[in-house]
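2 protein chains.
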Amino acid sequence: MVNMGNRLLITLLLFITAVTCDIIDNEVDDACNLSSELIAEIQSYGPTVEKIINSITNGKFKGGTYKELSDFVDKFGSRLAGTQNLEDSIDYMLNLLQKYELDNVHGEDVQVPHWLRGTETGEMLEPRPAEVGVLALGNSVGTPDEGIQAEVLVVRSFDELDQRNFSEAANGKIVVFNFDYVSYGVSVSYRSQGARRAARHGAVAALIRSVTPFSMYTLHTGSQSYEANTPRIPALSITVEDARMFQRYQVKKIVVKLNIQTQTLERTISRNTVAEITGSQDPEKVVLVSGHLDSWDVGVGAMDDGGGAFISWYALAVLKSLGLTAKRTLRAVLWTAEEEGLIGVQEYNRAHANELNNITFVMESDEGTFTPLGLEYSTGTRGGCILQEIVKLLAPINATQTVSSPGGVGSDISIWNRIIPGGSLLNANDKYFWFHHTDADTMDVMDPDALDKSTALWASVAYIIADLSEEFPRDFDTVATSLDNSVLLKKLADSVAANKIKKL
Amino acid sequence: MVNMGNRLLITLLLFITAVTCDIIDNEVDDACNLSSELIAEIQSYGPTVEKIINSITNGKFKGGTYKELSDFVDKFGSRLAGTQNLEDSIDYMLNLLQKYELDNVHGEDVQVPHWLRGTETGEMLEPRPAEVGVLALGNSVGTPDEGIQAEVLVVRSFDELDQRNFSEAANGKIVVFNFDYVSYGVSVSYRSQGARRAARHGAVAALIRSVTPFSMYTLHTGSQSYEANTPRIPALSITVEDARMFQRYQVKKIVVKLNIQTQTLERTISRNTVAEITGSQDPEKVVLVSGHLDSWDVGVGAMDDGGGAFISWYALAVLKSLGLTAKRTLRAVLWTAEEEGLIGVQEYNRAHANELNNITFVMESDEGTFTPLGLEYSTGTRGGCILQEIVKLLAPINATQTVSSPGGVGSDISIWNRIIPGGSLLNANDKYFWFHHTDADTMDVMDPDALDKSTALWASVAYIIADLSEEFPRDFDTVATSLDNSVLLKKLADSVAANKIKKL
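Same order as they appear, the protein sequences are chains A and B.
Numbering-wise (the working numbering), the first sequence opens with residue 73 and increments by one.
Numbering-wise (the working numbering), the second sequence opens with residue 73 and increments by one.
Watch out, some of these pointers could steer you wrong.
Copies of the same chain are indistinguishable here, so a pair counts whether it falls within one copy or spans any two.
[Unchecked claim] Straight-line Cα separation of at most 20 Å, EDC-like style, residue types lysine to aspartate or glutamate; simulated pairs:
no.: 1; residue 1: Lys123; residue 2: Glu461
no.: 2; residue 1: Lys147; residue 2: Glu198
no.: 3; residue 1: Lys132; residue 2: Glu173
no.: 4; residue 1: Lys399; residue 2: Glu113
If you are wondering where the hints come from, they were derived from the structure by calculation, not from laboratory data.
So that you can see chain A by itself, here it is in the shape it has in the complex (with noise of 0.2 Å):
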């Protein structure tokens, strides 16, 4: 998830959303007046709540997220856009969704870039030789064959490094960056800017601690970008330990060569993976339910973000096989390239312009299928009072907590804060960055009961939102709301464009 690194303005939401975002626990706000026919229409899904819950974690469908998904990453391994592997498994899905018997399953093409890793060695001469672990970030530039020789310097932050005798100091450098882990949005910026904001200064490379709050000397890859005018360098993670060992030897001279080879290939087509429930009264109305299908190329994206993406199809599949069909449409989509940088959702929101006005409520995971919690929100006041009430029907499984993140949630969804209302999957996710985006992203951080229960929440959460009388209220409070979403798209063009993302 959250491969958003690359766009400032993004980042910044998350920051907000970090800053802002307040746990509003089981209590429904004060501020809510709901009438009480909307509070009895949602409490009398209870008993269908009820029933979706049961079927996953005590019936038929117990195991089955955990089951499907386990099949699916070991059939597959990662999935890197670009890759025919990815297109495999979307084929795979395609015919499994079917299988399942959803509605209208078909995939949707987007371009997407194709980078390659190849051949990552790291080695210090000085001030002792010893292999240093390094894991190209994504796009970076491979080494010359012969690889880079130079001395390091180790800077804790972007300031540092602008100072002048730092400054000064990193031309022809390997440039460290060893700031200390605040938070993923905040910190993400090294690994984000790092390699550019080094090259700046005419760094020869640049070694970026992994964004990680706990490391066994784990990498960790993500998405990265350069600039225009900048020379574009090698940009590799390095571990939090070899990281702060740089800084003890900062004090010495520190020599490290680097072989890294990768490649940019031409781009290619992927596809946004497509099923629905047909609505039963206002099928043109949609709620959509989400997470990603790619991964990074290490580990086997079972967390980042198999589950998901899988706990968003299986949802509708629970539901259809439970005879539950709203009024309004349910659809799921499994975004492709969401690590590069969401281009699946932005190729999506493109082609689907027209109809976003249709789109009542957007769903998506990608922080993690832990233990659920309940539901984080970005929308206006009665939005956040109708969820509250939803979430109280979660109560068998614990999971009745809201929060509300007025700067957005999800990672492609993201693209739609204030303008769609959103939630996404509130979960027990503390250790989710520890696997982020490594080789330790396999199965074995999967728990079954926690994928039922957070399949529950997704189906049922989904189920009622697309069923109720009243469509979810669209307002933003005070923030003028509008279906035209055209200053957002040129935010997100000029971000594009300053990064370069087209390029990669």
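Guided by the hints, dock chain B onto chain A, whose structure is given.
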């Protein structure tokens, strides 16, 4: 620590320890009947212990253990037996111990094996192509230059392997051991014996799940050994994640290709590193404190056993600086080649066979120097009672617990179990085996305050035992004790012969 996997005897002792050890906590055993004079004498060390603790946790030695350890591992990195790097690190220590004005600083020669890791690659070809992380276990032979390619057979236990259907199926296969982790002492048998057990059935290589309760795709090395009349096959560690993945794939055809290059060179001379504070009254009587200076070749051996070695000599350095000379001699020994099978201590035992009766108490820290909790010990009842009185004085650092482990304590010093009373550092080491024998064994695992407290405990306990008017009681209750350790030596010799340790 605990590199005794290749010796059934000691593994068994560990197992017994795990089963029988009993946390006595802060209560002095009911069976104690120490004289009021002895109790008063022990309690009279209160001001001395306070002085030691204050000087280390608040005074001039604060942070000293961490600083010295950090300088050491940053200078030398890992310290594998047989390497010049280990010998250089021993020279450095001899200089350092002299700088701290300890007495009788010297090295004592030990012949050690010299095994070296080379190229290591693992690749799954079927059912899907993927890299497989592999790490040769100590003493492993390599593959032919062109590697080995074979089908995989997964077993959960030795019992399963030895069942006839599996046993026959293993022929020509790469055997994966996917055991459940029970405890290190129990589960390590798969690492130490897996290759030879698989080879008995004609396997061409053994892939052994890393022995750990927690994994982030983490590879753990460690010792293993071959047996006579069974082919020597490559013995490799794989991650918990991949072991479980292979288990899921067991119903399919799994093909793996391995290329492992290792070298077994001529045995070389290493050294146990010794320093003392000569006793003022009975200098021939010795309390020995220890840890091992060598490490595996992954990580930097900061935890295993940099911490244990450094609290041992630093405890003496502090006592020396404080002018605290005990009646008996305090001797720090930094063992060499512990990891290859307690090689250093065995040579010490041989060379000092005639003086062992003068060693009144042995201490070793080789299971972490996290926040200390107290002392684990293997003594008779009266010895335990004395230790329980002593640790009461450690209340200022909350380290007053004792655990009686009649099966033995420490790793090196376990060879003297039931021969010389011993103690090891009880500490909050629940994550010890997360990092053990991995690239993640770095300074980041170490905490300056925990090291300070560990040093303070170590210095206090050793000093009191060395200074008490009563020599530490050598009795082991029901089992007759003797200074003649010929029985144990014979058992060790048998074990060494059986495992061909001498032919490493």
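What hint numbers does the structure not satisfy? none
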